[in-house]
Structure formats: structure tokens, C-alpha cells
Amino acid sequence: DAKTTQPTSMDCAEGRAANLPCNHSTISGNEYVYWYRQIHSQGPQYIIHGLKNNETNEMASLIITEDRKSSTLILPHATLRDTAVYYCIVRDPFYGGSQGNLIFGKGTKLSVKP
Amino acid sequence: NAGVTQTPKFRILKIGQSMTLQCTQDMNHNYMYWYRQDPGMGLKLIYYSVGAGITDKGEVPNGYNVSRSTTEDFPLRLELAAPSQTSVYFCASSYSVQETQYFGPGTRLLVL
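Protein sequences, first through last, are from chains L and Z. Just remember that the numbering used here sits 324 ahead of the position in the first sequence, which is counted from 1. Just remember that the numbering used here sits 3 ahead of the position in the second sequence, which is counted from 1.
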């Protein structure tokens, strides 16, 4: 089972920041937080990942709380093309075997509206 | 390069038929994965491979078989199709277990 809890759905106005929360209260010290998204019927797409420091790339920012029990993915200027299901995944990428694999929950369906 | 490609895009099978879902990657990735996604659900790992000749079971392997004879190809075999195998199948690859997984466009399978 997924180790994360996300809201089922969220709306965001086009051009505004989209803030997607994720709870991972049982995260262990070696586990990273990964974010993927899945645009309708396509394969999932990697967005960003982090361990404990905040991270930013060309797609998004990831804010991880100091206790690492929750995080927020920020899309700074959401567009209609950002409408997708967003998955927050916790994993230890250095763990051998299937335990190190990605476990997808149901994610958050983000709808960006004009 | 094309990344991860999957064929066919869509297939209808009758119960008991068999088929092979093809997956090819041109990124020289060592790791390859097969997932299935049922409607409204997240992806579940079926099988994965850490390199040519090495495969291992994921979360939901029953009813499927895989092989990895080359770095590029990772076919998924359904021997006796059942309605419960109606799903969308995604193949993915990564350079190592730590690296980002890149996903193919998926194969939509309907078993009637």
C-alpha cells in the first residue's frame, strides 16, 4: 500500500500557483519524496524529488517540512496543460529489491480552470 | 531517441487467449518495469528487471510472465487471458534504481 495520503481532487485557476499537499507521517530516514504526474491516459511523468531540503526545477518546487512528515508540490503558474493526476510517492531508492520500487496510490486529480 | 515505446496501443482478447505486450527502450537503461493501472487506481508493479537475463516479481505477478534477453526489450506475456486482466499496461525504464523512471505511452487491453 502507498505510504502517502493526498486529497482526492483540487481545483486551481489558470496562472495561479497550485499547491498540492501530501502526508507521509511514517517516512523513514532514508526515504525520499517523489512526485510524478499522469496527464489523461498517458504514462506517468517524473516531476521532482527530495530528501529533506526544498528542491526546485524547471517544472515545480518541492517543500518538505522539517519533520519530513508532509510535503507540498508547488506549480508556480499553473496552465491548462497541468491538469493531471499528481502522485506523491515515498521510497528508498537505494533499497535493493522490490521494496525500493515506486508504489503509486490514487493521487490528486488537479483541474486547472480558465 | 524515441524513449520507451510500447506495442500495441490497444487490443481486445477473448478469455483464454494469449498475447505478448512489447516494450522497447533506446536509452541503454538497465532497469525496466511493467505496471498495470485499473480504472481510477494508481499503478501496480507486475514485474521488473535489473538487467538482461534478470527478472523479479512485483506486487501483482500472477497470470503474467516476462523475459529480458536484451537490454532494450522487456516483453510481457499473458498466457491465459482473464477478464481481471483488463487494464492499461505501462512499461518503464531507468538507468539505475535510484534514477528517474521513464514511462511508455501504455497498452490498453480489454479481455472479453
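Don't take each hint at face value.
[Unchecked claim] Using 20 Å as the maximum straight-line C-alpha spacing, the simulated SDA-like pairs for lysine to any residue come out as follows:
| no. | chain 1 | residue 1 | chain 2 | residue 2 |
| --- | --- | --- | --- | --- |
| 1 | Z | K12 | L | H364 |
| 2 | Z | K12 | L | K430 |
| 3 | L | K437 | L | T329 |
| 4 | Z | K47 | L | I398 |
| 5 | Z | K47 | L | K437 |
| 6 | L | K430 | Z | Q25 |
| 7 | Z | K12 | Z | N33 |
| 8 | Z | K60 | L | F418 |
| 9 | Z | K12 | Z | K60 |
| 10 | Z | K47 | L | K376 |
| 11 | L | K433 | L | I372 |
| 12 | L | K433 | L | N354 |
| 13 | Z | K12 | L | I372 |
| 14 | L | K376 | Z | I18 |
| 15 | L | K430 | L | Y356 |
| 16 | L | K430 | Z | T89 |
| 17 | L | K437 | L | K376 |
Don't read these hints as lab results, they were simulated from the structure.
A quick look at each hint next to the structure:
Among the hinted pairs, K12(Z) with H364(L) is consistent with the structure: their alpha-carbon atoms are about 15 Å apart, no more than 20 Å. For the given pair, K12(Z) sits about 23 Å from K430(L) by alpha-carbon distance, which is inconsistent with the 20 Å threshold. With a C-alpha separation of about 24 Å, the suggested pair K437(L) and T329(L) falls outside the 20 Å cut-off, and the hint is violated. For the hint pairing K47(Z) with I398(L), the CA-to-CA distance comes to about 26 Å; that exceeds 20 Å, so the pair is violated.
The straight-line distance between the Cα atoms of K47(Z) and K437(L) is roughly 30 Å, outside the 20 Å bound, and the hint therefore fails. For the given pair, K430(L) sits about 26 Å from Q25(Z) by alpha-carbon distance, which is inconsistent with the 20 Å threshold. For a cut-off of 20 Å, the pair hint linking K12(Z) to N33(Z) is broken: about 24 Å separates their Cα positions. Taken as a hint, the K60(Z) and F418(L) pair is honoured in the structure, with Cα atoms around 18 Å apart against an allowance of 20 Å.
Taking the CA atoms of K12(Z) and K60(Z), the gap is near 24 Å; set against the 20 Å cutoff, the hint is violated. At most 20 Å may separate the alpha-carbon atoms for a hinted pair to count; K47(Z) and K376(L) exceed this at roughly 27 Å. Proximity of K433(L) to I372(L) is assessed by CA-CA distance (about 17 Å); at most 20 Å being required, the pair is judged to hold. Restraint check for K433(L) and N354(L): not satisfied, since their Cα atoms lie roughly 28 Å apart, outside the 20 Å limit.
Simply put, K12(Z) and I372(L) have alpha-carbon atoms about 28 Å apart, too far for the 20 Å limit, and the pair is violated. A hinted pair counts as satisfied when its Cα atoms are at most 20 Å apart, and K376(L) with I18(Z) does not qualify at roughly 49 Å. Under the criterion of a C-alpha separation no larger than 20 Å, the hint pairing K430(L) with Y356(L) is consistent with the structure, at around 19 Å. For the given pair, K430(L) sits about 18 Å from T89(Z) by alpha-carbon distance, which is consistent with the 20 Å threshold.
At roughly 32 Å between alpha-carbon atoms, K437(L) and K376(L) are farther apart than 20 Å, so this suggested pair is violated.
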